Amino acid sequence: MIWALIASATLTLISAAVASFSSAERRSITALWFASIGVGGIYLSLGAEMLAIVQWIVATLSAVAFHFFASLFGEERESRPRSQLLVPVLGGASLLAILLIGALSGGPESISAFSLGPIAESVANPPSGQRAVDLGYRLIGDHLVSLEILGLCLFISILGAGVISRPDAVETPEGGPS
Amino acid sequence: MMVFAAVIGALGLAGVLYKRSVLGVLIGAQVLFMGATIALVVGGVQAGAGAQAHLFALLTVCVCVSQGLAAYSVAARVFYLKGRIRMDDLRTLRR
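Protein sequence lines correspond, in order, to chains A and B. Here this note's numbering is used: position 51 in the first sequence is 51, and no number is missing along the way. Here this note's numbering is used: position 21 in the second sequence is 199, and no number is missing along the way.
These are computed hints drawn from the structure, not numbers from a lab. One or more hints might be untrue.
[To be verified] So the derived list for chain B, only partly shown, Cβ under 8 Å to chain A, looks like this:
| id | residue |
| --- | --- |
| 1 | 191 |
| 2 | 202 |
| 3 | 203 |
| 4 | 209 |
| 5 | 240 |
| 6 | 250 |
| 7 | 252 |
| 8 | 265 |
| 9 | 268 |
[What the hints assert, rightly or not] Reference listing, derived: stretches of chain B covered by chain A, where coverage requires no fewer than 3 residues with Cβ under 8 Å from a Cβ of chain A:
| id | stretch |
| --- | --- |
| 10 | 210–216 |
| 11 | 226–236 |
| 12 | 253–264 |
Since the model is a prediction, treat every value here as computed from it, not as a measurement. Just so it is clear, CB atoms sit at the ideal spot from N, CA and C, and this is done for glycine as well.
Using the sequences and the hints, build the whole thing.
Here you go:
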């Protein structure tokens, strides 16, 4: 099944490039959805079924929300001259260089970052203990505080979204808001 | 595969820097998060701690949703105030 992993990775790479540099927003949104589908395929190949399903659900909902976003607020085309591509390309290349230096600074073991050996072995023989029920027990056992903090973050995000996006109260001549 | 994750993350950062619209920056941030989650999962597989990595990747995906929600609401606020959404307009959320 290593071919499925490579196909998913190729789909993700091409779609991520289109999503990042396409001038049309709807094309970017569609490419982002394809990239997320590819990422889900990678997770599935690595034996992370639950993560793959979550990724697909989140990707589809995000794509729908972004299409609504583009429809409601108007689609804008990116029209930048080629000379302004320098900063984004330099930024991306810098991040890539930093990550590669970080991956290589771990000594001889860091060579595994560049090999497909452990990945291919994991694809051929998916490790046990990664089923959804095991992940659920770990989540509410070892990582309960992380889960609670995450829930609190999502709750505050929803509250903050409501507060930020509400219309301003209009002052009436009597002085009170209407 | 770690290199692949790094390339995806770099593409996301380049997208964030390249785009001018809020939606474009949001899409770039999603690609950046995608690279981070791939790195977590692949690193977990290589280190033999797959389940832990899957959990943290799951938490990262949830944080990504939270970030998208916050950006969406800020965009709605800016559209309400300015009638359009450009990154250059994100100076203030007051009138």
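Hint check results:
Because the beta carbon of residue 191 (chain B) sits about 5 Å from the nearest beta carbon in chain A, less than 8 Å, this interface hint is met. Annotation: interface hint on residue 202 (chain B) holds; nearest CB of chain A at approximately 6 Å, less than 8 Å. Interface restraint check: residue 203 (chain B) against chain A, minimum CB-CB distance 11 Å, threshold 8 Å, status violated. Against a cut-off of 8 Å between C-beta atoms, the interface hint on residue 209 (chain B) holds, since the closest Cβ of chain A lies about 5 Å away.
Because the smallest distance between the Cβ of residue 240 (chain B) and any Cβ of chain A comes to about 5 Å, under 8 Å, the interface hint for this residue holds. For residue 250 (chain B), the suggested interface contact is upheld, since its CB lies about 7 Å from the closest CB of chain A, less than 8 Å. Hint status for residue 252 (chain B) relative to chain A: holds, with the closest Cβ pair at about 6 Å, below 8 Å. Nearest Cβ of chain A to the Cβ of residue 265 (chain B): about 10 Å, over the 8 Å cut. The hint is violated.
The beta carbon of residue 268 (chain B) is not positioned within 8 Å of any beta carbon in chain A (closest approach about 12 Å), and the interface hint is therefore violated. With 3 residues having a Cβ less than 8 Å from any Cβ of chain A, the stretch 210–216 of chain B passes the three-residue criterion, so the hint holds. With 8 residues having a beta carbon nearer than 8 Å to a beta carbon of chain A, the stretch 226–236 of chain B meets the requirement of three or more and the stated coverage holds. Coverage of the stretch 253–264 of chain B by chain A holds [criterion: at least 3 residues with CB-CB distance below 8 Å; count 8].
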